[in-house]
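Colleague: Those sequence lines, one after another, are chains A and B. For the record, in the first sequence the residue sitting at position 47 is 47 according to our numbering, with numbers rising by one throughout. For the record, in the second sequence the residue sitting at position 2 is 2 according to our numbering, with numbers rising by one throughout.
Hints may be right or wrong, so weigh each one.
Calculated lysine to any residue pairs in the SDA-like style (CA-CA distance at most 20 Å, straight line) [what the hints assert, rightly or not]: (1) Lys-124/B <-> Gly-50/B; (2) Lys-8/A <-> Lys-42/B; (3) Lys-139/B <-> Cys-172/B; (4) Lys-34/B <-> Arg-203/A; (5) Lys-139/B <-> Gln-160/B; (6) Lys-124/B <-> Glu-37/B; (7) Lys-8/A <-> Pro-10/B; (8) Lys-8/A <-> Asp-96/B; (9) Lys-8/A <-> Asn-26/B; (10) Lys-34/B <-> Gln-147/A; (11) Lys-8/A <-> Asp-167/B; (12) Lys-8/A <-> Val-11/B; (13) Lys-124/B <-> Lys-34/B; (14) Lys-42/B <-> Arg-165/A; (15) Lys-8/A <-> Phe-95/B; (16) Lys-8/A <-> Gly-146/B; (17) Lys-37/A <-> Gly-65/A; (18) Lys-42/B <-> Gln-169/A; (19) Lys-124/B <-> Gly-138/B; (20) Lys-34/B <-> Gly-65/A.
Bear in mind the hints are in silico, worked out from the structure with no lab data behind them. Since the model is a prediction, treat every value here as computed from it, not as a measurement.
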Amino acid sequence: MFRLQGSKVLAVDVTGDAVKAKNGSMVAYDGQMAFKKLSGGGEGIRGMVTRRLTGEQMTVMEVKGHGTCWFADRASEINLVALQGDKLYVESSNLLATDAGLRTGTTFTGLRGASQGNGLFTTTVEGHGQAAIMSDGPAVVLRVSAQYPLTVDPGAYIAHQGNVRQSLQSGVTFRTFLGEGGGEAFQMRFEGDGLVYVQPSERNTIAGDV
Amino acid sequence: MSGYGAPGGPVIHDPMSLPVDDNVNNYTFCVELKGSEWFLQKGKMIAYYGSMEFNGIGHGRLDRLVRTSFHSPLHASDWVVAQGSGKMLLADRAFDVNSYDLDEGNLTIRSGNLLAFQPSLALKQSIVPGFLTLIGTGKFVAASNGPVVFMEPPIRVDPQALVGWADCPSPCHHYDHGYMTGVMGGLRAMTGLGGASGEEHQFEFVGAGTVLLQSTEILMAEQATGAVPQQAGVPGAGGVPGQHGQQAGAPRLPGQLGDLQRRFGL
């Protein structure tokens, strides 16, 4: 059971079940807890190799026991995501914790990752349960639907869930090379049906400067 | 519509629920464009619904707009114009953002803090280096490190906490020199030995108006403000030699006593 205590601390009540969390993100616990490092994100040998190859590395620990465990990471804002059989796409660096029942994996994102400066691959979380994702400043959740496609700055994108198609939009023109660009040279366009999480801050991307 | 997002979960926004020209939360501001235009600092858009175009200030079609509302050639490369229709979210490094309305008024703001403004306002460079002045009627969006506090002059403020000021004449520097007189005082001010409070220098505002302060002394990353024309009489231009004020930022050579030297007229 995930709940937020303030906006920067995640409290998880565990009763014999397990939760997967970013390595070292535990700040306190109450009761009996066992922490076990899962190498390679807990997806077995295949997952470990995939993560090594794709650069979407994450070190994850499994927390098991009875009681309450609190997680936090560098005072980032934490957002809870409820998954009902759908898929959450999130950068591994933004993923704080997931229910042990959720499957994590790696997926190819195409050119979007390249413009964002964090690789061509992203982490997926799938199943029924809750996940906690981190953002710099509280995330804004935006709905994408058939009549309302959404465009997002790659530096502010943190995650999306649902049945959403994403494409990279480029505003690079000859002006960009003259230093007269619009400042938003690369944009991610989302179409379909789902939710997109955006943080009120931009990571440094190559697109931010052109 | 869609089945994502459980009740009781986070607030989910769509173009209908997003506010019009208002804050979504403390850190995100939503602007609605209906065929209208807004000036934005480059890269502060985080997401938008609808169709929009972002063009540099130098774009030919914007000539008329720029002629009436953008008077700072030195900032041209930092600003873009958003055109189109839809709703757009603005944010800046997870700082607090707020909008302000000007009614036939003027407001001067630290250049890095200004995020966006309506073209009904005119942007000019303040004669105080590093600040921009907005004149006219309209809305603008500014970021601050922590919430903004509004104060009435007469007031002395810490230079790092100053965000901007409205309707009042420019500030002047104020130095607390009372306790620094004499040789010991001079050494103290230079070295910090024997107790310097760190608050010997303030900006002083007098007259009628409003002063905007942020609730921290951590400055936001300074936006490059460009150089002012190299002309005599232009502050910050370094045009006139022999002015003491110009040397403040220059590195001091060994053997030069600087302020102490000047204090004794050496």
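Colleague: None of the hints should be skipped; say for each whether it holds.
Modeller: Tested hints:
no.: 1; hint: Lys-124/B <-> Gly-50/B; verdict: 31 Å, violated
no.: 2; hint: Lys-8/A <-> Lys-42/B; verdict: 29 Å, violated
no.: 3; hint: Lys-139/B <-> Cys-172/B; verdict: 27 Å, violated
no.: 4; hint: Lys-34/B <-> Arg-203/A; verdict: 29 Å, violated
no.: 5; hint: Lys-139/B <-> Gln-160/B; verdict: 25 Å, violated
no.: 6; hint: Lys-124/B <-> Glu-37/B; verdict: 18 Å, holds
no.: 7; hint: Lys-8/A <-> Pro-10/B; verdict: 15 Å, holds
no.: 8; hint: Lys-8/A <-> Asp-96/B; verdict: 17 Å, holds
no.: 9; hint: Lys-8/A <-> Asn-26/B; verdict: 16 Å, holds
no.: 10; hint: Lys-34/B <-> Gln-147/A; verdict: 17 Å, holds
no.: 11; hint: Lys-8/A <-> Asp-167/B; verdict: 39 Å, violated
no.: 12; hint: Lys-8/A <-> Val-11/B; verdict: 17 Å, holds
no.: 13; hint: Lys-124/B <-> Lys-34/B; verdict: 26 Å, violated
no.: 14; hint: Lys-42/B <-> Arg-165/A; verdict: 27 Å, violated
no.: 15; hint: Lys-8/A <-> Phe-95/B; verdict: 16 Å, holds
no.: 16; hint: Lys-8/A <-> Gly-146/B; verdict: 17 Å, holds
no.: 17; hint: Lys-37/A <-> Gly-65/A; verdict: 15 Å, holds
no.: 18; hint: Lys-42/B <-> Gln-169/A; verdict: 17 Å, holds
no.: 19; hint: Lys-124/B <-> Gly-138/B; verdict: 15 Å, holds
no.: 20; hint: Lys-34/B <-> Gly-65/A; verdict: 55 Å, violated
Hint check: violations occur at hints 1, 2, 3, 4, 5, 11, 13, 14 and 20; the rest are consistent with the structure.
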